[in-house]
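Given chain A, work out where chain B should sit, using these hints.
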Amino acid sequence: MIESALRNIGRVAIFLLRLLRQTGVVFTEPRAVIHQIYNCGARSLVIIMLCGLFVGMVLGLQGFDLLQRFGSEDALGVAAALGLLKELGPVVTALLFAGRAGTALASEIGLMRATDQLTAMEMMAVDPLRKVIAPRFLGGIVAMPLLVAVFNVIGIFGAQLIGVQLMGVDTGAFWSQMQGAVELGDVNEGIVKSVCFGFACSLVAVYEGYHATPTAAGVGLATTRTVVISSVLTLLIDYILTAAFLGR
Amino acid sequence: MKSNRSLEIGTGLFVLLGFAALIFLTTQLPGSGMTFGKADGYKVLAKFDNVGDLKPGSPVSMSGVRVGRVEAIAFDAADYRAEVTLRIESQYNRIPDDSDASIQTAGLLGGKYVGLGAGGSETFLADGGRIEFTQSAIVLESLVNKFFANFADKGGTTTTPETSTEENP
Chain A
1 MIESALRNIG
11 RVAIFLLRLL
21 RQTGVVFTEP
31 RAVIHQIYNC
41 GARSLVIIML
51 CGLFVGMVLG
61 LQGFDLLQRF
71 GSEDALGVAA
81 ALGLLKELGP
91 VVTALLFAGR
101 AGTALASEIG
111 LMRATDQLTA
121 MEMMAVDPLR
131 KVIAPRFLGG
141 IVAMPLLVAV
151 FNVIGIFGAQ
161 LIGVQLMGVD
171 TGAFWSQMQG
181 AVELGDVNEG
191 IVKSVCFGFA
201 CSLVAVYEGY
211 HATPTAAGVG
221 LATTRTVVIS
231 SVLTLLIDYI
241 LTAAFLGR
Chain B
249 MKSNRSLEIG
259 TGLFVLLGFA
269 ALIFLTTQLP
279 GSGMTFGKAD
289 GYKVLAKFDN
299 VGDLKPGSPV
309 SMSGVRVGRV
319 EAIAFDAADY
329 RAEVTLRIES
339 QYNRIPDDSD
349 ASIQTAGLLG
359 GKYVGLGAGG
369 SETFLADGGR
379 IEFTQSAIVL
389 ESLVNKFFAN
399 FADKGGTTTT
409 PETSTEENP
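These protein sequence lines are chains A and B, in that order.
248 is the number that my numbering gives the last residue of the first sequence; the numbers go up by one with no jumps.
417 is the number that my numbering gives the last residue of the second sequence; the numbers go up by one with no jumps.
Just chain B, same shape as in the assembly:
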């Protein structure tokens, strides 16, 4: 009977492990499953007109160094903007409260991330603080559209569309 018992336990473990792996693959990989990475530090809110394909878990960086990550993205029906919750690591606690946040793209095929640009204020962002100056994700198609619309209207003199002047890290 001993060998029978170990056989059943072995099979049971194998089947359980297999199904656990299947469930992980089907529920965690497609769509937004759990977010990986530590959740320490303080929360900062920022509102964007358009977040593009920013996702929870995307990095938040300052001068190209990751200082935190996006914790949640919600739609605020009151003013029709997206409210993004950023979690900044507690060691970076000297970010001026008039800093600006913009959504940028990493590399050619890379994902979106939130770039913070330091402001000049003497007071710093604290837990629950809000970043007022934000710039939306740059949608390339609308940029091209805007350019050609302006180009046609003004007969060749174009106004440069607002783009971030920040260096892409």
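Pulled out of the complex, with its shape left as it was, chain A reads as follows:
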């Protein structure tokens, strides 16, 4: 039990090191990376924007209900912006990313493994890590912070839509209080989180795909494991990072 856990951790670490050695692929084959940014990022944009809008609207409703009990509905902008920037934006985006892009990556790579495409590459002295895995990994890391930023902006406007248009919070108070209370450090916290989540989710997806059992069931299992491990890892990293940021 302990031995297998250790071996798993070791395998991931070795895989990561081999992968990092291939990150030069950004410069030698930028087109492959761009293609993967499109796959992971641009194609997740619609679902991210839709979910951002709804999360923002829910924040607007819940925040308004909570704050009006203290007669401070004007602070809704602050509550929504900080909630989105620091927590909800990065975490919800990472969970959606694991479901939308992570599964696609894992099943694609797993199917390549199952149909011996990766072995064929090795036979031709082409490193599949360089040709297949590294561009996907890097594409995911680049896409995540951008997706989170889009999610946050849409979410803030969603909260504004509910708070200002529907609930009657003053526009000026909503924005000026938000601008007064949000600091650059809060924005940076969200960006750091999103980069870390992008790293973790992409790594899990390509690792699970690459090491999938080359059968139909194996590919399915790899996809499931990608979602489960990515989600748990996201929330775990989120706790660690939050504690680190607040402990300053």
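Worth double-checking, as some hints may not be accurate.
Claimed, not checked - With beta-carbon atoms standing in for the labels, derived distance ranges:
{"hint": "1", "chain 1": "A", "residue 1": "Glu87", "chain 2": "B", "residue 2": "Thr333", "range": "31 to 41 Å"}
{"hint": "2", "chain 1": "A", "residue 1": "Gly71", "chain 2": "B", "residue 2": "Ala366", "range": "17 to 27 Å"}
{"hint": "3", "chain 1": "A", "residue 1": "Ala243", "chain 2": "B", "residue 2": "Gln339", "range": "44 to 54 Å"}
{"hint": "4", "chain 1": "A", "residue 1": "Leu20", "chain 2": "B", "residue 2": "Ala268", "range": "28 to 38 Å"}
{"hint": "5", "chain 1": "A", "residue 1": "Leu161", "chain 2": "B", "residue 2": "Phe396", "range": "43 to 53 Å"}
{"hint": "6", "chain 1": "B", "residue 1": "Ile257", "chain 2": "A", "residue 2": "Leu161", "range": "27 to 37 Å"}
{"hint": "7", "chain 1": "A", "residue 1": "Val26", "chain 2": "B", "residue 2": "Ala268", "range": "14 to 24 Å"}
{"hint": "8", "chain 1": "B", "residue 1": "Ala268", "chain 2": "A", "residue 2": "Leu161", "range": "50 to 60 Å"}
{"hint": "9", "chain 1": "A", "residue 1": "Gln68", "chain 2": "B", "residue 2": "Lys394", "range": "49 to 59 Å"}
{"hint": "10", "chain 1": "A", "residue 1": "Val26", "chain 2": "B", "residue 2": "Ile321", "range": "44 to 54 Å"}
{"hint": "11", "chain 1": "A", "residue 1": "Gly71", "chain 2": "B", "residue 2": "Phe395", "range": "16 to 26 Å"}
{"hint": "12", "chain 1": "B", "residue 1": "Ala325", "chain 2": "A", "residue 2": "Val26", "range": "49 to 59 Å"}
{"hint": "13", "chain 1": "B", "residue 1": "Ala268", "chain 2": "A", "residue 2": "Ala120", "range": "57 to 67 Å"}
{"hint": "14", "chain 1": "B", "residue 1": "Phe267", "chain 2": "A", "residue 2": "Arg31", "range": "34 to 44 Å"}
What the hints assert, rightly or not - Some chain B residues judged to face chain A by a derived CB distance under 7 Å, without partners named:
{"hint": "15", "residue": "Ala269"}
{"hint": "16", "residue": "Asn341"}
{"hint": "17", "residue": "Pro344"}
{"hint": "18", "residue": "Gly359"}
Quick caveat, the hints were computed from the structure, so don't treat them as lab data.
In this text, a Cβ means the ideal position worked out from N, Cα and C, and glycines have one as well.
This is chain B only, laid out in the frame that chain A set:
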């Protein structure tokens, strides 16, 4: 080549959108970015000794109804006071020119706003007009200090510190 073109356009759009969102988050949210809300109506100036954390965009209200918002806050080095530019919506054009302005706090955690109290004059504030009677933001700490200083000096008889008698809307 067709699919290549749409792929590049899609990626380009996505990256642009992402960076636009990042720039919005980093420049507009912290500090005073642009102020949201319409800018119509007429300008009125008022000088305050202390504006507290009043910000451009904060509401200006009269009897609890918002009649405009704060457009700009500047420091006037000539008389060491803060000059606040208020923009009042043009439909509220019958505010007496001897009205008073005070800086108040909305609710427990709420922000500062400017409250106007109607005066009795027959002439009304116009564009570029000036409100002469102003009351600064109430700083709770200095209020408490003043209270205890008076309390110690006079052996128990206190003068009530000047506070606004206006109802908090």
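Now the hints, each set against the structure:
1. A/Glu87 - B/Thr333: 31 to 41 Å: About 37 Å separates the Cβ atoms of glutamate 87 of chain A and threonine 333 of chain B, which means 31 to 41 Å holds.
2. A/Gly71 - B/Ala366: 17 to 27 Å: Cβ of glycine 71 of chain A to Cβ of alanine 366 of chain B: about 24 Å, so the range 17 to 27 Å holds.
3. A/Ala243 - B/Gln339: 44 to 54 Å: holds, 52 Å
4. A/Leu20 - B/Ala268: 28 to 38 Å: holds, 30 Å
5. A/Leu161 - B/Phe396: 43 to 53 Å: holds, 47 Å
6. B/Ile257 - A/Leu161: 27 to 37 Å: 29 Å Cβ-Cβ, so the 27 to 37 Å window holds.
7. A/Val26 - B/Ala268: 14 to 24 Å: holds, 23 Å
8. B/Ala268 - A/Leu161: 50 to 60 Å: violated, 19 Å
9. A/Gln68 - B/Lys394: 49 to 59 Å: violated, 33 Å
10. A/Val26 - B/Ile321: 44 to 54 Å: holds, 47 Å
11. A/Gly71 - B/Phe395: 16 to 26 Å: Holds: the Cβ-Cβ distance is about 25 Å, inside 16 to 26 Å.
12. B/Ala325 - A/Val26: 49 to 59 Å: The hinted range 49 to 59 Å holds for alanine 325 of chain B and valine 26 of chain A, with Cβ atoms some 53 Å apart.
13. B/Ala268 - A/Ala120: 57 to 67 Å: violated, 42 Å
14. B/Phe267 - A/Arg31: 34 to 44 Å: Violated, since phenylalanine 267 of chain B and arginine 31 of chain A (Cβ atoms, about 20 Å apart) do not stay within the stated range.
15. Ala269: OK, holds: alanine 269 of chain B within 7 Å of chain A, min 4 Å.
16. Asn341: Violated - the Cβ of asparagine 341 of chain B stays beyond 7 Å from chain A, reaching only about 20 Å at its closest.
17. Pro344: Interface hint status for proline 344 of chain B: violated (24 Å vs cutoff 7 Å).
18. Gly359: Hint holds; glycine 359 of chain B Cβ to chain A Cβ min 5 Å, cut 7 Å.
The structure shown violates the earlier hints numbered 8, 9, 13, 14, 16, 17.
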